[in-house]
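Q: Sequence:
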Amino acid sequence: MESTIDEEEFLSLRLAIVTDSGRETKRKRKRREASNPSDSSESCEEGKIFSLLQMREQMIKVDQRRKEMAEDGKGLELIHLLLISATSIDENNINSAVDSLYDLYQNVSLTGDSLQRVAAYFADGLIARLLTRKSPFYDMIMKTPTHEEKFFAFTDMYKVSPFYQFAHFTANQAILQAFEMEEPNNNRTLHIIDFDISYGFQWPSLMQSLSETATISNRISLKITGFGRNLEELQETETRLVSFAKTFHNLVFEFYGLVRGSNPVKLKKKKNETVAVNLVFHLNSLNSFSMISETLKYVHSLNPSTVVLVEQEGSRSPHNFLSRFMESLHYFAALFDSLDNCLPLDSVERFQIEKNHLGKEIKHVMNSDKEYENCPRFEKMETWKGRMENHGFMGLKQSSKSIMQAKLLLKIRSHCSAIYFDGENGGFRVFVRDDGEAISLGWQDKILSTASSWCCV
Numbered sequence: 001m002e003s004t005i006d007e008e009e010f011l012s013l014r015l016a017i018v019t020d021s022g023r024e025t026k027r028k029r030k031r032r033e034a035s036n037p038s039d040s041s042e043s044c045e046e047g048k049i050f051s052l053l054q055m056r057e058q059m060i061k062v063d064q065r066r067k068e069m070a071e072d073g074k075g076l077e078l079i080h081l082l083l084i085s086a087t088s089i090d091e092n093n094i095n096s097a098v099d100s101l102y103d104l105y106q107n108v109s110l111t112g113d114s115l116q117r118v119a120a121y122f123a124d125g126l127i128a129r130l131l132t133r134k135s136p137f138y139d140m141i142m143k144t145p146t147h148e149e150k151f152f153a154f155t156d157m158y159k160v161s162p163f164y165q166f167a168h169f170t171a172n173q174a175i176l177q178a179f180e181m182e183e184p185n186n187n188r189t190l191h192i193i194d195f196d197i198s199y200g201f202q203w204p205s206l207m208q209s210l211s212e213t214a215t216i217s218n219r220i221s222l223k224i225t226g227f228g229r230n231l232e233e234l235q236e237t238e239t240r241l242v243s244f245a246k247t248f249h250n251l252v253f254e255f256y257g258l259v260r261g262s263n264p265v266k267l268k269k270k271k272n273e274t275v276a277v278n279l280v281f282h283l284n285s286l287n288s289f290s291m292i293s294e295t296l297k298y299v300h301s302l303n304p305s306t307v308v309l310v311e312q313e314g315s316r317s318p319h320n321f322l323s324r325f326m327e328s329l330h331y332f333a334a335l336f337d338s339l340d341n342c343l344p345l346d347s348v349e350r351f352q353i354e355k356n357h358l359g360k361e362i363k364h365v366m367n368s369d370k371e372y373e374n375c376p377r378f379e380k381m382e383t384w385k386g387r388m389e390n391h392g393f394m395g396l397k398q399s400s401k402s403i404m405q406a407k408l409l410l411k412i413r414s415h416c417s418a419i420y421f422d423g424e425n426g427g428f429r430v431f432v433r434d435d436g437e438a439i440s441l442g443w444q445d446k447i448l449s450t451a452s453s454w455c456c457v
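Sequential numbering of the sequence shown, starting at 1, is according to UniProt numbering.
Since the hints were derived computationally from the structure, they do not count as laboratory data.
The reader is advised that the hints may include incorrect statements.
Stated by the list, open to error - No farther apart than 27 Å at their CA atoms in a straight line, the calculated lysine-lysine pairs in the DSS-like style are these:
(1) Lys401 - Lys143
(2) Lys271 - Lys246
(3) Lys271 - Lys297
(4) Lys380 - Lys297
(5) Lys74 - Lys397
(6) Lys407 - Lys385
(7) Lys380 - Lys397
(8) Lys401 - Lys159
(9) Lys159 - Lys360
(10) Lys74 - Lys401
Stated by the list, open to error - Okay, the calculated beta carbon distance ranges per label pair:
(11) Glu294 - Tyr199: 22 to 28 Å
(12) Arg229 - Ile79: 31 to 37 Å
(13) Thr144 - Ser96: 27 to 33 Å
(14) Lys159 - Val457: 34 to 40 Å
(15) Lys246 - Asp139: 39 to 45 Å
(16) Lys74 - Tyr199: 36 to 42 Å
(17) Thr87 - Lys143: 24 to 30 Å
(18) Thr215 - Ile79: 34 to 40 Å
(19) Lys74 - Val242: 31 to 37 Å
(20) Thr239 - Arg133: 18 to 24 Å
(21) Thr383 - Arg229: 23 to 29 Å
(22) Lys134 - Arg260: 24 to 30 Å
(23) Lys407 - Thr383: 51 to 57 Å
All of these numbers come straight from a predicted model, not from anything done at the bench.
Don't be surprised by glycine CBs; every beta carbon is placed ideally from N, CA and C.
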């Protein structure tokens with residue numbers, strides 16, 4: 001899974017964790033250690049971290065499914081070790097952190113139960129905090145998946161879990177409702193401005209819904225202006241969407257791609273068209289609160305018929321590591337647990353989802369304060385509501401069709417556990433919140449994401 005560690009790389013590890021930059025000969029260093037116990041302690045820390053990395057390597061190589069830990073009620077031990085590790089790192093107590101992480105790597109597994117698996121990725125994120133970005137071991141642990149690996153991991157999760165489909169289907173229903181309300185005056189033209197189009201998976205189901213109300217003689221025009229991470233991804237997404245749209249002869253489809261950061265002034269609008277702005281998992285990715293504010297001001301200037309907002313639910317402060325750690329652990333533990341409902345334990349797809357998608361996000365969140373401008377901002381529903389209202393937007397009631405659709409999706413996508421709504425306990429759950437203006441997806445008692453729609457006032 002990862003590159004192995006040999007003895008020669010120990011020198012690189014020393015450069016990564018030692019703050020003393022003086023160049024001493026081996027003999028002088030020994031004399032200094034004999035006269036200065038702190039230097040000897042520093043050397044001890046190096047050895048401990050090296051042993052820790054070797055233990056991590058052993059955990060990766062050995063396919064150990066230690067289910068007995070959960071069965072024996074020892075899952076709390078993993079959480080306890082994680083908390084000790086995180087607290088020690090926050091207090092810069094390296095010895096305590098390394099000892100706890102060493103114990104963790106002896107009890108976690110990438111193919112074990114959900115708690116063992118999520119703890120393994122959190123342990124990786126924590127050990128990365130002990131290393132500098134110049135360390136080759138930091139790069140090894142934080143290795144970014146390839147474009148293909150990211151795509152297939154996202155695709156697999158999209159297929160088996162309701163997490164992304166809930167966001168997309170709920171957003172699409174709000175867009176359809178806005179389009180239908182304006183249909184007498186909009187020349188049957190819908191323009192969607194998607195601020196993070198990603199792979200474009202949201203839009204085929206919308207095309208299907210639009211085609212059901214269109215005819216060859218009375219076509220519907222759909223234009224999507226999509227912002228993407230790079231030109232290559234935008235071209236792939238355009239090809240994918242154009243190909244799908246061709247299967248509907250009663251739709252006229254147009255795609256206009258822009259790389260994120262491009263000047264949005266280029267956007268062109270047709271007279272009387274229904275304009276919908278799609279903000280699905282986008283605002284939390286912006287680099288600062290001022291950028292969020294600028295984006296919402298620009299969206300308001302477009303005077304769209306509707307704005308759909310979907311965000312992961314949380315309160316992961318970029319300023320407070322322990323607070324972010326606790327919230328993230330609760331959140332991702334729920335996601336990993338939910339995947340056991342979607343896929344068998346020995347599933348290759350589940351392993352790839354966790355390694356190249358969720359695990360990557362865990363390690364990033366644990367280390368994002370090292371690069372504060374890239375720290376994702378996960379907020380509670382009430383916080384996003386306040387921001388929207390402060391920028392001139394008013395919340396809209398979610399339709400009964402949106403709620404029924406969300407419940408139906410969970411019924412289709414839940415493979416093992418029963419479906420629960422509102423106050424009931426169980427697997428995937430649908431919550432209607434904020435007096436009917438928001439719909440949330442949850443796993444048991446943990447809310448995962450919340451969808452809402454807005455109009456300009």
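Q: With reference to the structure, classify each hint as holding or not holding.
A: These are the hints, each one checked on the structure:
{"no.": "1", "hint": "Lys401 - Lys143", "in the structure": "violated, 43 Å"}
{"no.": "2", "hint": "Lys271 - Lys246", "in the structure": "holds, 25 Å"}
{"no.": "3", "hint": "Lys271 - Lys297", "in the structure": "holds, 22 Å"}
{"no.": "4", "hint": "Lys380 - Lys297", "in the structure": "holds, 21 Å"}
{"no.": "5", "hint": "Lys74 - Lys397", "in the structure": "violated, 45 Å"}
{"no.": "6", "hint": "Lys407 - Lys385", "in the structure": "holds, 24 Å"}
{"no.": "7", "hint": "Lys380 - Lys397", "in the structure": "holds, 19 Å"}
{"no.": "8", "hint": "Lys401 - Lys159", "in the structure": "holds, 22 Å"}
{"no.": "9", "hint": "Lys159 - Lys360", "in the structure": "holds, 19 Å"}
{"no.": "10", "hint": "Lys74 - Lys401", "in the structure": "violated, 44 Å"}
{"no.": "11", "hint": "Glu294 - Tyr199: 22 to 28 Å", "in the structure": "holds, 26 Å"}
{"no.": "12", "hint": "Arg229 - Ile79: 31 to 37 Å", "in the structure": "holds, 35 Å"}
{"no.": "13", "hint": "Thr144 - Ser96: 27 to 33 Å", "in the structure": "holds, 30 Å"}
{"no.": "14", "hint": "Lys159 - Val457: 34 to 40 Å", "in the structure": "holds, 39 Å"}
{"no.": "15", "hint": "Lys246 - Asp139: 39 to 45 Å", "in the structure": "holds, 43 Å"}
{"no.": "16", "hint": "Lys74 - Tyr199: 36 to 42 Å", "in the structure": "holds, 40 Å"}
{"no.": "17", "hint": "Thr87 - Lys143: 24 to 30 Å", "in the structure": "holds, 27 Å"}
{"no.": "18", "hint": "Thr215 - Ile79: 34 to 40 Å", "in the structure": "violated, 58 Å"}
{"no.": "19", "hint": "Lys74 - Val242: 31 to 37 Å", "in the structure": "violated, 53 Å"}
{"no.": "20", "hint": "Thr239 - Arg133: 18 to 24 Å", "in the structure": "violated, 36 Å"}
{"no.": "21", "hint": "Thr383 - Arg229: 23 to 29 Å", "in the structure": "holds, 25 Å"}
{"no.": "22", "hint": "Lys134 - Arg260: 24 to 30 Å", "in the structure": "holds, 28 Å"}
{"no.": "23", "hint": "Lys407 - Thr383: 51 to 57 Å", "in the structure": "violated, 26 Å"}
The structure shown violates the earlier hints numbered 1, 5, 10, 18, 19, 20 and 23.
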